[in-house]
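*Asks:* Okay, here's what each chain looks like letter by letter:
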Amino acid sequence: MAVSSVTTNERAPLLEVRDLVKHFPLRRGMLANLAGDSEAVHAVNGVSFSVRRGGSIGLAGESGCGKSTTAKMLLRLFEPTSGQIIFDGQDIVTLKGADLKAFRRRAQLMFQNPYESFSPRFTIFRSLVEPLLIHGVKDADERTRRVWQALNDVNLQPAESFFQKFPHQLSGGQLQRVVLARSLVLEPEFLAADEPVSMLDVSVRAGILNTMKEQAAQRNLTTVYISHDLSLIQYLCETTAIMYLGQIVEMGPTAGVINEPQHPYTKALISTIPIPEPERKKTTIPIEGGVPSAISLPSGCTFHPRCPFAMDICERKVPPPLDLGQGRTVRCFLYGGKNEADEVGKNAAAA
Amino acid sequence: MSVPQPLLDVRDLRVEYSTRRGTMHAVDGISFTVEKGQHLGLIGESGCGKTTTGRALLRVLPRNGRVGGGQMFFKERDLVTLSEREMRALRWREISMVPQSSMDTLDPVYRVGDQLREVLTLRGGMNNAEARARSAELFDLVGLASDRLDNYPHEFSGGMRQRAVIAMALALNPDLVIADEPVTALDVIVQHQVLETFRDLQERLGISVIMITHDISVVAETCDEIAVMYAGKIMERAPVRRFFAMPFHPYALGLQNAFPNLARPKETLISIEGYPPDLVEPPKGCRFNTRCPFAIERCFVEEPPLIEVEPGHQAACHRWREVEQLREQAKEAETWQSVA
Numbered sequence: 326m327a328v329s330s331v332t333t334n335e336r337a338p339l340l341e342v343r344d345l346v347k348h349f350p351l352r353r354g355m356l357a358n359l360a361g362d363s364e365a366v367h368a369v370n371g372v373s374f375s376v377r378r379g380g381s382i383g384l385a386g387e388s389g390c391g392k393s394t395t396a397k398m399l400l401r402l403f404e405p406t407s408g409q410i411i412f413d414g415q416d417i418v419t420l421k422g423a424d425l426k427a428f429r430r431r432a433q434l435m436f437q438n439p440y441e442s443f444s445p446r447f448t449i450f451r452s453l454v455e456p457l458l459i460h461g462v463k464d465a466d467e468r469t470r471r472v473w474q475a476l477n478d479v480n481l482q483p484a485e486s487f488f489q490k491f492p493h494q495l496s497g498g499q500l501q502r503v504v505l506a507r508s509l510v511l512e513p514e515f516l517a518a519d520e521p522v523s524m525l526d527v528s529v530r531a532g533i534l535n536t537m538k539e540q541a542a543q544r545n546l547t548t549v550y551i552s553h554d555l556s557l558i559q560y561l562c563e564t565t566a567i568m569y570l571g572q573i574v575e576m577g578p579t580a581g582v583i584n585e586p587q588h589p590y591t592k593a594l595i596s597t598i599p600i601p602e603p604e605r606k607k608t609t610i611p612i613e614g615g616v617p618s619a620i621s622l623p624s625g626c627t628f629h630p631r632c633p634f635a636m637d638i639c640e641r642k643v644p645p646p647l648d649l650g651q652g653r654t655v656r657c658f659l660y661g662g663k664n665e666a667d668e669v670g671k672n673a674a675a676a
Numbered sequence: 015m016s017v018p019q020p021l022l023d024v025r026d027l028r029v030e031y032s033t034r035r036g037t038m039h040a041v042d043g044i045s046f047t048v049e050k051g052q053h054l055g056l057i058g059e060s061g062c063g064k065t066t067t068g069r070a071l072l073r074v075l076p077r078n079g080r081v082g083g084g085q086m087f088f089k090e091r092d093l094v095t096l097s098e099r100e101m102r103a104l105r106w107r108e109i110s111m112v113p114q115s116s117m118d119t120l121d122p123v124y125r126v127g128d129q130l131r132e133v134l135t136l137r138g139g140m141n142n143a144e145a146r147a148r149s150a151e152l153f154d155l156v157g158l159a160s161d162r163l164d165n166y167p168h169e170f171s172g173g174m175r176q177r178a179v180i181a182m183a184l185a186l187n188p189d190l191v192i193a194d195e196p197v198t199a200l201d202v203i204v205q206h207q208v209l210e211t212f213r214d215l216q217e218r219l220g221i222s223v224i225m226i227t228h229d230i231s232v233v234a235e236t237c238d239e240i241a242v243m244y245a246g247k248i249m250e251r252a253p254v255r256r257f258f259a260m261p262f263h264p265y266a267l268g269l270q271n272a273f274p275n276l277a278r279p280k281e282t283l284i285s286i287e288g289y290p291p292d293l294v295e296p297p298k299g300c301r302f303n304t305r306c307p308f309a310i311e312r313c314f315v316e317e318p319p320l321i322e323v324e325p326g327h328q329a330a331c332h333r334w335r336e337v338e339q340l341r342e343q344a345k346e347a348e349t350w351q352s353v354a
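Residue numbers (the numbering used here), protein chains in the order written: chain A, 326 to 676; chain B, 15 to 354.
The reader is advised that the hints may include incorrect statements.
What follows is a set of in silico ranges between Cβ atoms, one per label pair, in the way DEER data are often shown [stated by the list, open to error]: (1) A:Q409 with B:H168: 57 to 65 angstroms; (2) B:T135 with A:S444: 25 to 33 angstroms; (3) A:S486 with B:S32: 31 to 39 angstroms; (4) A:A337 with B:R312: 55 to 63 angstroms; (5) A:S621 with B:L219: 35 to 43 angstroms; (6) B:E210 with A:S618: 19 to 27 angstroms; (7) A:L622 with B:L219: 50 to 58 angstroms.
What the hints contain is simulated information worked out from the structure, not anything from laboratory work.
Idealized CB from N, CA, C, for every residue including glycine.
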């Protein structure tokens with residue numbers, strides 16, 4: 326294969342997310358609403374990243390950090406409160422009708438729980454052919470061929486033997502492969518997977534991850550993986566973004582982020598992950614308390630109430646993303662950015 | 015000379031469930047011991063019988079389940095033959111349990127402190143003032159502020175609720191706590207805090223723990239001994255350090271290679287193809303034979319006994335003498351694909 330055929334166009338990001346925000350307004354009484362008291366869950370608060378065509382990024386963080394909400398916005402399953410999602414040069418936030426449908430063919434979601442992802446009354450064939458019918462693949466032979474191919478590609482072989490099976494006749498691992506096949510059957514360019522193996526036993530997880538990796542490489546798929554499990558992201562993704570309270574606090578090439586974390590939160594997170602080596606001496610970074618409520622976010626850096634290195638400024642100002650070189654960014658005043666924060670503050674005040 | 019007896023000595027335990035398709039042998043003749051102060055990790059995939067084992071020890075099996083044989087000596091009394099009244103006296107006081115998804119087991123309409131007090135007064139015979147003092151002590155022990163006793167469960171985070179349930183399990187100073195997936199639903203930072211709590215209990219109170227989990231890294235970080243279950247049998251039993259350094263059973267070799275290790279990323283993770291056998295009609299020979307890349311004819315005919323492969327380390331595999339060679343082969347993904 327000719328490597329030199331990579332054009333500049335293929336290096337351009339397929340997906341670029343700019344300052345994405347999602348607030349879920351809390352339903353309160355009419356009077357509170359009239360009084361202008363509009364509280365909201367600040368699920369995602371200004372997330373920006375980009376993924377090259379064929380690239381992969383992992384969004385990691387604890388429950389409630391906004392990683393799943395971000396993924397859902399990327400597929401237009403949630404409407405962003407503000408921000409842009411540029412997919413292949415087009416802002417998908419404003420898409421409607423036929424354009425939106427065309428986008429949905431190109432971008433697919435792989436669901437978390439295989440046991441709840443299928444109609445128990447549909448055969449596997451019926452579940453897989455549905456997206457093809459919806460997206461107007463008119464030729465029946467062509468549809469059968471594509472269903473067969475998708476099943477075969479995810480190593481459910483011989484593929485035709487699965488056509489007439491019902492979900493309850495398959496094991497969890499096989500079913501999760503069908504979930505993957507269904508998300509591939511439309512031959513998308515972009516795939517988001519939210520905790521793709523968390524429901525499966527460890528003994529079968531690896532097989533699914535390997536198939537996902539293979540298929541992504543073969544199809545030059547652009548992928549976003551959402552997981553609380555950094556070892557999974559380490560295995561699958563070239564870029565890792567660590568999220569905390571709706572913001573990316575640190576991002577960069579996976580090996581760098583995991584082996585040499587910079588942000589105090591990333592450090593703490595990584596130091597608490599159990600390692601299957603009883604002999605290993607570990608130093609954990611203690612952090613206090615739990616994740617604060619996303620309804621009233623802490624001022625300044627949202628991590629400051631739990632941060633062992635918090636300074637005065639952390640309470641007052643939001644740290645801007647700082648470029649550390651080698652593709653790495655971190656939002657933390659320990660690495661500078663105090664002047665920029667002033668600038669950002671001024672601009673915000675001016676606006 | 016009298017040999018000190020282990021705190022718990024389970025011998026050839028069998029637990030069955032009646033199902034529409036016939037009798038399911040969920041736990042099929044397992045033996046293990048737990049010494050005082052020891053933490054035993056009981057691991058395996060879903061359906062291997064680890065939760066059933068925990069519930070059998072407290073005799074709180076679902077209605078269609080029963081102990082079908084064997085003995086469970088706890089402080090030299092056989093739990094299998096105790097009357098229900100004797101069992102009731104022993105639950106909470108001597109053996110307690112942190113059940114699966116226990117953060118959802120607190121009653122949402124009662125204050126957490128009241129639920130703790132119930133255990134202390136009804137089971138422990140304390141008066142309200144004593145119970146209050148003891149509750150504060152227990153909260154302190156598991157790292158919760160005692161002013162949170164007046165909170166309702168919804169005012170707690172998942173990790174705090176989990177710790178409250180652990181406090182409840184410790185309320186009456188039991189000798190043994192059975193913890194079933196105590197950290198599975200928790201985020202890593204909270205998981206770490208809860209595991210620290212367990213380690214602390216061992217150091218400070220000398221409590222024995224049976225930690226039931228699917229996660230070998232949790233066992234690596236908190237337990238002294240490990241027992242690997244598969245399809246109702248114990249396949250390997252060893253001190254934790256030996257198990258990670260020198261696993262013997264092919265299933266254990268597979269598990270170790272399937273498990274991601276953040277500190278030592280692997281080029282390829284290995285999966286153990288296939289799935290566990292049907293326990294209504296278990297296969298002849300070794301239970302793992304359908305997924306084992308090293309199975310030979312003998313493995314389909316004769317069940318391998320759990321035998322000592324080095325001092326204090328047991329495995330149930332006919333080919334254990336060849337383990338060094340198998341260990342090397344088990345690192346290759348192709349080895350495992352040959353079974354599928």
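*Asks:* Now look at each hint and say whether the structure bears it out.
*Replies:* The hints, checked one at a time:
1. A:Q409 with B:H168: 57 to 65 angstroms: Distance hint for Q409 of chain A, H168 of chain B is violated at roughly 37 angstroms.
2. B:T135 with A:S444: 25 to 33 angstroms: 51 angstroms, violated
3. A:S486 with B:S32: 31 to 39 angstroms: 33 angstroms, holds
4. A:A337 with B:R312: 55 to 63 angstroms: 60 angstroms, holds
5. A:S621 with B:L219: 35 to 43 angstroms: 39 angstroms, holds
6. B:E210 with A:S618: 19 to 27 angstroms: For S618 of chain A against E210 of chain B, whose Cβ atoms are near 24 angstroms apart, the range 19 to 27 angstroms holds.
7. A:L622 with B:L219: 50 to 58 angstroms: Hint violated: Cβ distance 39 angstroms, outside 50 to 58 angstroms.
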